[in-house]
Structure formats: C-alpha cells, structure tokens
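Single-letter residue listing:
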Amino acid sequence: MRTQLQLRVLIGLIILAFGIVGGLGPVFAQNPGVPAASEVENLKKQMALMEEQLRQLRLQVDKMAGQPVAPGSAGPPAASTADPALEKRLGEVENKADAALTATKKSFASQFNPSLSLAIDTIGSYKSNAQGFNPGDGTGTRDAGGRVNNSRPAGADFNLRTAELFISADVDPFTRAYAVINASADAANGDEATMGVEEAAIVTTRLPYNLTVRGGRFFADFGTLPHRHDHDLPFVDRPPSIDTFIGGESQTNGVEVSWLAPTPFYLRASGTIGNKLGADSREGVTNVNSRPIKGLTYLGRLQTYFDLNDDHNLELGGSIVETPNAEDITNSGRFERRLVGMDFRYRWYPLGSGVRQSLTIAGELLHDIGEADPVNGGRRTDVFGNPVRQGAWGGYVYAEYRLSKQWRPGFRFDYFQLQSEPLLVTNPLTGLPASTLNATGHRTDNRTWSPYLTWFPSEFQRLRLQYNRSVRGNAQSADEFFLQWTVFLGSHSHGFSERE
Amino acid sequence: MISQWLSRFCGLMLGVVLLAGEAHAEEKIYIVTSLPDLADIAARIGGDLVTVESLAKGIEDPHGVPIKPSFVPKLNRAQVLIVMGLEYEHSWIPALVTESRNSKIVKGNSGYIDVSLKVTPKEVPTDLSRAKGELHPAGNPHFNLDPEGGRLIAQTIAEGLTLNFPQHRATFEANLKVFLAQLNAKIRDWEILARPLHGVKFISYHQDFTYFADRFGMDYVGTIELKPGIEPTASHLVELMQNMKTVGAKIVLREPHFSEKVPNQIAAQVGGLVVKLPIMVGGSPEVKTYFDLIEYNIRELLKAAQVAGVAGKV
Ligand SMILES: [Zn+2]
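Keeping their order, the protein sequence lines are chains F and S. By the count of numbering that gives the first Met the number 0, the first sequence reaches residue 499 at its end, each step adding exactly one. By the count of numbering that gives the first Met the number 0, the second sequence reaches residue 313 at its end, each step adding exactly one.
Note that these hints are calculated values from the structure, not bench results. Among these hints, one or two may not hold up.
With a cut-off of at most 16 Å between alpha-carbon atoms, the simulated EDC-like pairs for lysine to aspartate or glutamate come out as follows [claimed, not checked]:
no., chain 1, residue 1, chain 2, residue 2
1, S, K103, S, E86
2, S, K103, S, D113
3, S, K275, S, E294
4, S, K56, F, D310
5, S, K200, S, E294
6, S, K260, S, E299
7, F, K404, S, D47
8, S, K67, F, E314
9, S, K67, F, E499
10, S, K56, F, E458
11, F, K404, S, E147
12, S, K260, S, E230
13, S, K260, S, E294
14, S, K56, F, E314
15, S, K67, F, D171
16, S, K117, S, E147
17, F, K404, S, E86
18, S, K67, F, D169
19, S, K67, F, D309
20, S, K73, F, D306
21, S, K226, F, D310
22, S, K103, S, E147
23, S, K67, F, D310
24, S, K244, S, E285
25, S, K106, F, E499
26, S, K106, F, D171
Take the sequences, apply the hints, and build the full model.
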C-alpha cells in the first residue's frame, strides 16, 4: 500500500515537473528572445544615457562660463565662444567626461567579476569537562547527542574555526552562482585545517512566476539558524538542539525550488530534494553512496512576515524534512528520518533609533518523529527490540538587546531530549537503560543556559564573549567559556537570509 | 486522474496570473524608492501617472535601514526602483533586490535608476582601504542636502522614467520643467536667506552636511564619528573639542537617528548648542517635501547661529 502511494506521489511530481517545463515553453515563445534582445536593448539605452550625461556635462561647462542656460533645458548645447580660456576648460571637462565614461565601462566589466569576501573566525575556549559517555564497546567516547568523537574535549583551546571564502557572480543573464570554500581546523580533525566546499550552488535569476531554482551543494532551507554559516550565528556556538537534531549546518546536495507568493505581504515557500540533511548528520546516508529514490531527503518550508507597526515585527515559519529510508542502497532495512520545525522571530526596532537600541526575541522548536537512531545508525528500538519513533523535542529561544551601536548582550536557553543514548547510561529513576522512558514518562534531556555579549568595533569586526552552563542527563554538568573574534574582508554581503 | 487535476490547477493558476497582468496594465506606474526625498521628487516628475512609495522613512538611519521582508513584495511589484547610489544603500538594497525576483530593477537594467549618475561626488577616498571608514566608499552620498543636488536628482529621475516609459516623455518633461522652475526660484531665495551662515563653523555627528556646507559657505570643522560609520573614541572627542575651541565653533548638528548624549556633552564643553536637523524628507514632522527639507535646515541653522552669536552680517 505504502509503496503504491509513494509511486503515485512520484508520478505526480514528475507530471508537475513536466507541467512546469511545459509551462515555460510558451512563456519564452511569447516573448521571443526576451533575455538576449533586451540585453542589447539595455546596452543601447545605457549608451544613450551616457551620451545624455556627456551633453549635460557640456551644459555645465557653459554654465560655468556664465552663459545663462534654461534649467533642465533639453535644447542643444549653447555655441561655444572663441574665448581660448573657455575652450581650454571645455577640453578639460571633456577629458574628465571621457575618463568617467571609461570608468563606467570598467565597472560594467567588473559586474562579471566575482565578488569576494573572506571571514576569519577564531575562538578561544575553556570547557570544564567533556560530558561524554563511554559505551565500552571500543567505538570511542560518545557525545550524549549521539555523535562519536565529536564533542569538544575538556580543557583550554585556541581554535581557528573558519577561514571562509565567499565567491559569487552572475553566470549569464539567467543564472548566478556562488561558492563558500572553508578552511577549518576542527577539534575533531586534530590541528590541521582541512579545505572543504561548504556550498557551491547555481541559482536562477529570471524564471517567471516568482520561481527560483537552486542546485548543487547548499545549506537547505530548514528553519532559521540551521542554514547560517558558523560565523553568521548570533552566538559563538550553534544551539545544541539544532546541532544535535540537524547535524551541524543544514547542508545537502540537491535541488531546491522556491516561490515568492504574489501577495501584498511576504510569503515564501520552498521544496527541496537532496541526498541528506546536515553536514555532520549520521543517519547512514552519505553523499558518497547512491540510494533508492525513497532514500532521498525531501524538505519543505513556508515562511511569512508581518509588520505589526513601524517599530514591531514578527516572522513565522514552519519546516519539515523527511527521509523515507535513511539508509544507503546496500542496506535493506527501513528506518525513517522525519523532523518538523516551527520558528518565530519577534523584533522591536524603533524606526529612528533601532540602530542603537532594539530587541530581538527568537526561537525554534524541533520535533523528531522519525524511526532513525542517530547513534547506532539503524532503526530505533525499545529495550524489547520493538521499533519506536523518536518523539524527541528540542529547541532554543534567545533574547538579544542592543544597548548601543556597538554593544549587544543576549541570553539563550536551549533544551533537547536525547534522541538516543548508549545503553550503559542507566535511568536513575527506573534502573532501566536510559533509551527507554522513565516511570514518569520523561526522557533524558540536555539544558544549556548561555549568557553572551557581543561588541562591534565596526561593521566588519566583532568580538563575542559567551558562557555555557549545560546539564546533560545524569552526566556531570559542564561550564564552558568562549571568546570569539571575527573579521570580514572584502564585500561582506548582507544577504537576505543572513539579515539581522 | 492526477494529471487531470494538475492540468486544471495549472490552467487556473495561469488564468489568475494573466488576469493579474491585465489588471496591472490599467493601473498607475508603481515606483519604489529607497529614500523619501527620491519619492517626493519622483511623485513631482511622474504626476498623476505614478504611485510612489519609499522603503525608508525620514527618521531612519539611511545607511542602516533594517532588511524587512515586507519590502520584498513591494520590490517584486515595482516597475522602477530609484536609489541614491554611491553605495549609500549598500547594506540593504542589493540583498532586497535579489530576494525580490524582479529582474527589471536589478542594477544595470533600465528599471534601476541611480540618481548619483550626474553628481560629481565629494570626499572620494583616494584608496579603497576600509581604515578610512565603511559607509562612504564611493564618496559622500549625502548630495540631496544641497538644492543643486535636488536639480540633478530630478533630471536623472525624469530621464530614467522616460527611458522606461517613452510614451509619457512629454508629461515627464513638462513636470520636470515646472519642478525646476520652482526649485530655481527657491534656490535664489535660499541663497539670500542663508547669507548669515557664511563662515559659520560647525560639527555634525556624521559626515553628511558636506554638500550643504559647501553650497552655503559654511565651515565644516569635524564630525563626532571617527570615520563615517565608526563610533568615536575618547581621544577623538578630546581632539574634536580642542579644535572647536581653537576655531570658535559653537554649532553641533545632530541627525535624528543619532543619540543626543554625546552632542549635548560636546555643546556643554565648548559653550555651544545642539541643532537637530533632518537629513531626509520626514526627518522632522514639519518637513513634508524636499523644498521643506532645505528651507527647514537653513532656518534652524540661522536661529542657532543667532543664539550662539556666530551669525554673519548680511
Ligand atoms: Zn553617510
């Protein structure tokens, strides 16, 4: 039954895809050569504009010479006198105009050059203890979140987290492309910086009906903070709940279609098909192996925004990710990854003074209702071996107050239920392995309290101090201190999705 | 079954889109501007043919307007986008234009009207190092405060609109003529009115009164900001106040989006006074049009110069 249903959905998707492609044909046919012809037309118009500018410059010269010129006169330039001094000035201004014209031409050419920026993000940290569990099976220490050998070790550490290069340019009149190349030295990778392609994607710019297609490797549209790069987060670390449930950034290899609704208010929808979700996700799916169709990951997101008035606004969103079979093709068993998320962002930003005094309150709530066990890479089971759904909740909420243009203190609270734990962890109340619910129905959870303070000496430099107090199940609680120093070189782009 | 529904749905959507297109053709030309001064002037040039909306409001910091998603549907529908240029809006307009999915108003296309094209920018940095500050990389973009800047803005807007809607050329040219005739008369009046401001020394929070000061012969002594967009250091303020005392500068201009604390302290230290001056239309409740903006600034400065006893003789 289920396979039949999925087959039908698939057929439906294919028909829809053909429908869209079929719909595009007539659009282009109706406006033959829309892009190419209009490009030439634009160039012509720009040339006309330049000629007009030159004419205006001549007019200004005449004015400088004291000749009365009717304001905004569209008539021909006044005849030049025989005055040699004036002739000389005219010549100078013409030279100036030529130089300006050349410069304009240069700037046209530079539009085809990529814009570059580099972010350097360095962190000094101290952690009192690692809070890892040792299952004693030779697989190494496990972070209670489920990932192996990936928790920050205890002790002091200076870490160049990222040196991230952002490159973007128009490809042609129909597409642009961007790439984020990252050299990062992770605690897990030893000290050596490794180069990686965080994102490399092609984005359409001229599709009709407010559609945009993005393909390649990118941070998928799920929630608000999951698709931000580390150095663009409002805190030093990614909220632990997001890090655990998504698996780092929401990276995927795939194709995304997004749509801006033609409504008077902001409404945006997107759908993505990709290999997986999460840069460090450990679901058994990787970018290396191929997979059956149902082993792909499907995402959807809907977001909207309202100005409550000039000074207050609210943003709401909902996301879902589904991997019907979170396994590569070599495995036969079926286990599902399914996450739903809700996010909100309230902002008080008084029109005149928001730059130096404003408040942001935002949060995300995630619910994991899949069957996948992120620790053991299989299906999640109870102590009796019966499959169970995660049913784990997680999320964060933070408030940040801008005291001045430079100072922003904030506070974040993060909570998540452990998706699964090594069996040696015993629930203190029931004496049973902690993967099962305890007598009161509560799961082992993780709470993190994080006050932080950000200082912006300029728009391109930022220092941030953060303290994390985390309490994790029955493991010893930990204290962590961070000092983050970030700079941006080049055309630090204020992208729409990185907006404050 | 599915395909039947799909084709019906597609047909319906297509119908809706076509209907929306039809409806649009009958409506006025929809113009979006980054700043209110441009909206005021564009409304004068476009007359009854256009509906104009400014994204920023007059009391905001024009360099740091927050990227509100509610701007996106407006830009999506815009037939023309008018900006100041010279990187004035670099922190918010480019990101919004990309998100708007409207290729007409992308920089380089005809629907993107940059009114700085005719302006000869002042204070152009000789090198592009950010050590010089972050907000004026292409020169000072506050040319709207000089009424001659208003002339260039109006001319560029008229040309840009004609380029996009050549069928309305005559209307735009006639409206431009009326606007410029009024502006010329005003400029003559303002030059007489502002004569006592000649040689008056002042500072401002941000480097935004350059064009105004040059037009009316005022003497710019310095800014509270270290560089455009960089908050002052203590040593910079000490140096600034010493400078003011040496040259006898008494007037401290404060733009509405800056805090009054530091300007008040400086004024108290040097025995001068603070004048709150809008840098855009709507920056003060009395300032409803571009003409109001220039006139208000001159009159407020005259009052202040008289109180401070630094006004020149006419
Ligand atoms: Zn400025």
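Each hint tested on the structure:
no. : hint              : result
1   : S:K103 <-> S:E86  : violated (20 Å)
2   : S:K103 <-> S:D113 : holds (14 Å)
3   : S:K275 <-> S:E294 : holds (14 Å)
4   : S:K56 <-> F:D310  : holds (12 Å)
5   : S:K200 <-> S:E294 : violated (19 Å)
6   : S:K260 <-> S:E299 : violated (20 Å)
7   : F:K404 <-> S:D47  : violated (41 Å)
8   : S:K67 <-> F:E314  : holds (10 Å)
9   : S:K67 <-> F:E499  : holds (10 Å)
10  : S:K56 <-> F:E458  : violated (22 Å)
11  : F:K404 <-> S:E147 : violated (33 Å)
12  : S:K260 <-> S:E230 : holds (13 Å)
13  : S:K260 <-> S:E294 : violated (26 Å)
14  : S:K56 <-> F:E314  : violated (21 Å)
15  : S:K67 <-> F:D171  : violated (28 Å)
16  : S:K117 <-> S:E147 : holds (11 Å)
17  : F:K404 <-> S:E86  : violated (20 Å)
18  : S:K67 <-> F:D169  : violated (25 Å)
19  : S:K67 <-> F:D309  : holds (11 Å)
20  : S:K73 <-> F:D306  : holds (13 Å)
21  : S:K226 <-> F:D310 : violated (28 Å)
22  : S:K103 <-> S:E147 : violated (29 Å)
23  : S:K67 <-> F:D310  : holds (11 Å)
24  : S:K244 <-> S:E285 : violated (33 Å)
25  : S:K106 <-> F:E499 : violated (24 Å)
26  : S:K106 <-> F:D171 : holds (14 Å)
Checked against the numbered hints listed earlier, the structure breaks hints 1, 5, 6, 7, 10, 11, 13, 14, 15, 17, 18, 21, 22, 24 and 25; every other hint is satisfied.
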